[in-house]
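*Asks:* Using the hints provided, position chain B relative to the given structure of chain A.
Taken in sequence, the protein lines are chains A and B. Once you know that position 5 of the first sequence is 5 in my numbering, the rest is easy, because the numbers rise by one and skip nothing. Once you know that position 111 of the second sequence is 111 in my numbering, the rest is easy, because the numbers rise by one and skip nothing.
By construction, these hints were calculated from the structure, which means they are not laboratory data. The beta-carbon is built from N, C-alpha and C at its ideal position, and this holds for glycine as well. Errors might be hidden in some of the hints.
To list a few chain A residues with every Cβ distance to chain B over 10 Å, as calculated [unchecked claim]: (1) G29; (2) S37; (3) S46.
Reference excerpt, derived from the structure (chain A facing chain B, CB under 7 Å, subset only) [unchecked claim]: (4) V30; (5) S31; (6) Q33; (7) T34; (8) F57.
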Amino acid sequence: MELVVTGNLVRELRVAENLSQADLAAALGVSRQTVNSIETGRYTPSLALAIALARFFATTVEEVFHVAER
Amino acid sequence: MSQSDSAARGLGRKHNLLFWLTPAVAALGGIAYLVAAFAGGRPVLGVVLMAMMLLFAAGLVLAARRSETIRGLMDHRDERLTGIDLRATAAAGLALIVAVLIGAFVELGRGHSGAPYTWLGAIAGVTYIFAVLVQRVRQ
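Only chain B is shown next, with the shape it has when bound in the complex:
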């Protein structure tokens, strides 16, 4: 192993708490799926969904060992990758908002109230305004 390799690998070995946040949320989501599916009378589905979420969490941790990008997206130590993560998250949020708006239009067109899409859109709008106000004070 070259000095370069050992330096790069050494950077990735010490994970901070943020690194474990995404796998932990995925694992907790899996448990929530299991509990919800059990409550809904579909325990097999719950087990399958939980297994998928646990596999996703484990896959992330394993992939982070090999990929500098995945590791950087998870531990937020690298400012460039953190910026990329922020913009990608914004793009995903924008796609979701567009989907919610289309859903609301379709529901209204069918003669319904537009719920739950209108509520989801309202949550997105209020959250955006709140985030702008908070960031304005902080920066």
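Here chain A stands alone, though its shape is the one from the complex:
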């Protein structure tokens, strides 16, 4: 079974917390560009960063990242 990431809720969660991309980047220890790339779907983060993102927003990885079977 091969899963592909079809989208994510990072931008929605960040905006709901009234955070800028730079704020989220600083909290996660990554660059602002990386947060932007994740939000736009150009970059799929590693499992560790995905978990860090989910924990930051007090939710689960599967709630943040949407996947579908290929």
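*Replies:* Quick look at chain B alone, frame taken from chain A:
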């Protein structure tokens, strides 16, 4: 300064040891150029080459203050930029291997042994195989 700006700048202020690796290697390379040029009887060239390498090192550190990309490529904290660095390094290595192969073909075509290009190609090949074996065990 907005909160966003201060957050972004704060991320870049604390440099880890990896951040200083490239400037340090550049500076050491400059010193090596100087020593080699002095040994070869061309001290002026050595001073010029060392100055260029030191300028490059200083330029990197200064550029990293302004550019998130350069900072990320140097400190390897950001997984996306580290991945980009890895792929860019592989592309540079591939370009070098192609150049070495062309050099070897040209030298062989001229009736020479192909050295030193054949040796350089052999080093690249052996290093690749060794790296694959090491990574296979580690991952």
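*Asks:* Work down the list of hints and note, for each, if the structure agrees.
*Replies:* Hint check results:
At the 10 Å boundary, the C-beta of G29/A falls inside the reach of chain B, the nearest C-beta of that chain being 6 Å off. Its beta-carbon lying about 6 Å from the closest one in chain B, S37/A breaks the requirement of being farther than 10 Å from that chain. At the 10 Å boundary, the C-beta of S46/A falls inside the reach of chain B, the nearest C-beta of that chain being 5 Å off. The interface hint given for V30/A is met, as the beta carbon of that residue sits about 5 Å from the closest beta carbon of chain B, less than 7 Å.
Because the smallest distance between the Cβ of S31/A and any Cβ of chain B comes to about 5 Å, under 7 Å, the interface hint for this residue holds. Restraint check, Q33/A versus chain B: the minimum CB separation of about 6 Å is within 7 Å; hint holds. With a cut of 7 Å, the hint placing T34/A at the interface with chain B holds, because the nearest CB-to-CB distance is about 4 Å. Proximity of F57/A to chain B is violated relative to the hint, the smallest CB-CB distance being about 17 Å (cut-off 7 Å).
This entry does not satisfy hints 1, 2, 3, 8, going by the numbered hints stated previously.
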